[in-house]
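Q: Sequence:
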Amino acid sequence: MTKVTFTMSTSLDGFINGPRADADHPLGVGGEVLHDWAMGDDERNRSFLEDAMGGVGAVICGRTTYDLSLSFWGADGPTGPLRRPVIVVTNRPAGAVPEDSVYRFVTQGIEAALHEAKHAAGDGDIVIMGGANTGAQFMANDLIDEVVVSVVPILLGGGTRLFDGNDGVLRKLKPMDPVHTARATHLRYRVIKNGSSTA
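Numbers in the numbering used here are just positions in the sequence shown, counted from 1, shifted up by 15.
Everything labelled a hint here was simulated from the structure, so no lab data went into it. All residues carry an ideal CB built from backbone N, CA and C; glycine is no exception. Careful, some of the hints might be misleading.
DMTMM-like mimics (lysine to aspartate or glutamate), calculated; alpha carbons at most 25 Å apart, straight line [claimed, not checked]:
id: 1; residue 1: LYS189; residue 2: ASP91
id: 2; residue 1: LYS18; residue 2: ASP37
id: 3; residue 1: LYS187; residue 2: ASP160
id: 4; residue 1: LYS18; residue 2: GLU126
id: 5; residue 1: LYS18; residue 2: ASP56
id: 6; residue 1: LYS208; residue 2: ASP182
id: 7; residue 1: LYS18; residue 2: ASP160
id: 8; residue 1: LYS18; residue 2: ASP91
id: 9; residue 1: LYS133; residue 2: GLU65
id: 10; residue 1: LYS187; residue 2: GLU126
id: 11; residue 1: LYS187; residue 2: ASP82
id: 12; residue 1: LYS133; residue 2: GLU114
id: 13; residue 1: LYS187; residue 2: ASP157
id: 14; residue 1: LYS208; residue 2: ASP192
id: 15; residue 1: LYS18; residue 2: ASP39
id: 16; residue 1: LYS208; residue 2: GLU47
id: 17; residue 1: LYS208; residue 2: ASP160
id: 18; residue 1: LYS18; residue 2: GLU47
id: 19; residue 1: LYS189; residue 2: GLU65
Computed Cβ-Cβ distance ranges for the label pairs, DEER-style [stated by the list, open to error]:
id: 20; residue 1: ASP160; residue 2: ASP39; range: 17 to 25 Å
id: 21; residue 1: HIS50; residue 2: VAL112; range: 33 to 41 Å
id: 22; residue 1: HIS195; residue 2: VAL112; range: 21 to 29 Å
id: 23; residue 1: ALA127; residue 2: LYS18; range: 14 to 22 Å
id: 24; residue 1: SER62; residue 2: GLU126; range: 18 to 26 Å
id: 25; residue 1: LEU170; residue 2: GLY55; range: 29 to 37 Å
id: 26; residue 1: ILE207; residue 2: GLU114; range: 41 to 49 Å
id: 27; residue 1: ASP57; residue 2: ILE207; range: 39 to 47 Å
id: 28; residue 1: LYS187; residue 2: ARG98; range: 17 to 25 Å
id: 29; residue 1: GLY110; residue 2: VAL184; range: 25 to 33 Å
id: 30; residue 1: LEU188; residue 2: VAL48; range: 23 to 31 Å
Take these sequences, add in the hints, and give me the full structure.
A: As structure tokens, then:
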């Protein structure tokens, strides 16, 4: 069965980007450090990233994440040479899309996006890579199986909070084995679905 994982890097004070995020500073002022763990040479971080992305068949992201990340991702998307399909949840026209790119735009909401992602993923899993609002919508509709948060040891003092959009939605999570490194602590949780046991 296809697993749907919401994964984000966050500062210790809960921000997924720094203040004043825009096209010139997609991760806000100082926010680039949130993803340094993925670029370094720490074997535990590399192994964690390989495990997290190895079985991925498709990626879902929101329109703001797409707009702010496209200059870094390019036509291949966030999975690089793997070229996994990226389903962009949006209520606006696609605009200019790189030629021969992996991006598909869905304007009918998150359930339509998930249906498209499942079709595109084949036997692979699905990763929701942002932003916070997109993740909150999927969480509110009980469509996420796991949450992975990479907590980076920095205080950004402002930006977009990871779970601000949850609007009173209570979700119980079952902790899984964390991975501790110098640049990030990777926390994994299984979402306890409504009506399911905690086992």
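Q: Compare the structure with each hint and give your call.
A: Structure-based check of all given hints:
The suggested pairing of LYS189 with ASP91 is violated, with an alpha-carbon distance near 34 Å, which exceeds 25 Å. Distance restraint check for LYS18 and ASP37: the Cα-Cα separation of roughly 32 Å exceeds the 25 Å cut-off, and the hinted pair is therefore not satisfied. A distance of roughly 11 Å separates the Cα atoms of LYS187 and ASP160; the hinted pair therefore holds under the 25 Å criterion. Distance restraint check for LYS18 and GLU126: the Cα-Cα separation of roughly 15 Å lies within the 25 Å cut-off, and the hinted pair is therefore satisfied.
Pair hint LYS18 plus ASP56 does not hold up; C-alpha atoms about 28 Å apart against a cutoff of 25 Å. Distance check on the hinted pair: LYS208 and ASP182 sit about 18 Å apart at the alpha-carbon level, within 25 Å; holds. Of the supplied pair hints, the one linking LYS18 and ASP160 holds, its CA atoms being roughly 6 Å apart against a limit of 25 Å. This hinted pair checks out: LYS18 and ASP91 have alpha carbons roughly 22 Å apart, not beyond 25 Å.
With a C-alpha separation of about 21 Å, the suggested pair LYS133 and GLU65 falls inside the 25 Å cut-off, and the hint holds. Of the pairs offered as hints, the one joining LYS187 and GLU126 holds, with about 22 Å between alpha carbons and a cut-off of 25 Å not exceeded. Only pairs whose Cα atoms come within 25 Å are accepted, and LYS187 paired with ASP82 is rejected, the gap being roughly 32 Å. Between the alpha carbons of LYS133 and GLU114 the distance comes to roughly 23 Å, so the proposed pair stays at or under 25 Å and holds.
Under the criterion of a C-alpha separation no larger than 25 Å, the hint pairing LYS187 with ASP157 is consistent with the structure, at around 11 Å. Annotation: proposed proximity of LYS208 to ASP192 holds, straight-line Cα distance about 19 Å (limit 25 Å). For a cut-off of 25 Å, the pair hint linking LYS18 to ASP39 is broken: about 34 Å separates their Cα positions. For the hint linking LYS208 to GLU47, the alpha-carbon distance of about 33 Å lies beyond 25 Å, and the restraint is violated.
The straight-line distance between the Cα atoms of LYS208 and ASP160 is roughly 8 Å, inside the 25 Å bound, and the hint therefore holds. Straight-line distance between C-alpha atoms of LYS18 and GLU47 comes to about 28 Å, which puts the hinted pair past the 25 Å bound. Simply put, LYS189 and GLU65 have alpha-carbon atoms about 22 Å apart, close enough for the 25 Å limit, and the pair holds. Remark: the range hint 17 to 25 Å for ASP160 to ASP39 is contradicted by a beta-carbon distance near 35 Å.
Between HIS50 and VAL112 the beta carbon distance is about 24 Å. The supplied range of 33 to 41 Å is therefore violated. Taking 21 to 29 Å as the suggested C-beta distance range, the pair HIS195 and VAL112 does not conform, at roughly 39 Å. Between ALA127 and LYS18 the beta carbon distance is about 19 Å. The supplied range of 14 to 22 Å therefore holds. Checking the proposed 18 to 26 Å range against SER62 and GLU126 shows it is violated: the Cβ atoms sit about 34 Å from each other.
Between LEU170 and GLY55 the CB atoms are about 20 Å apart, so this pair departs from the stated range of 29 to 37 Å. Here the CB-CB span from ILE207 to GLU114 is close to 43 Å, well matched to the stated 41 to 49 Å. Look at ASP57 against ILE207: about 31 Å separates their beta carbons, and that is not inside 39 to 47 Å. Between LYS187 and ARG98 the Cβ separation comes to about 36 Å, which falls outside the hinted range of 17 to 25 Å.
At about 31 Å, the CB distance of GLY110 to VAL184 agrees with the hint of 25 to 33 Å. Checked against the hint of 23 to 31 Å, the C-beta distance between LEU188 and VAL48 comes to roughly 26 Å, which is consistent with it.
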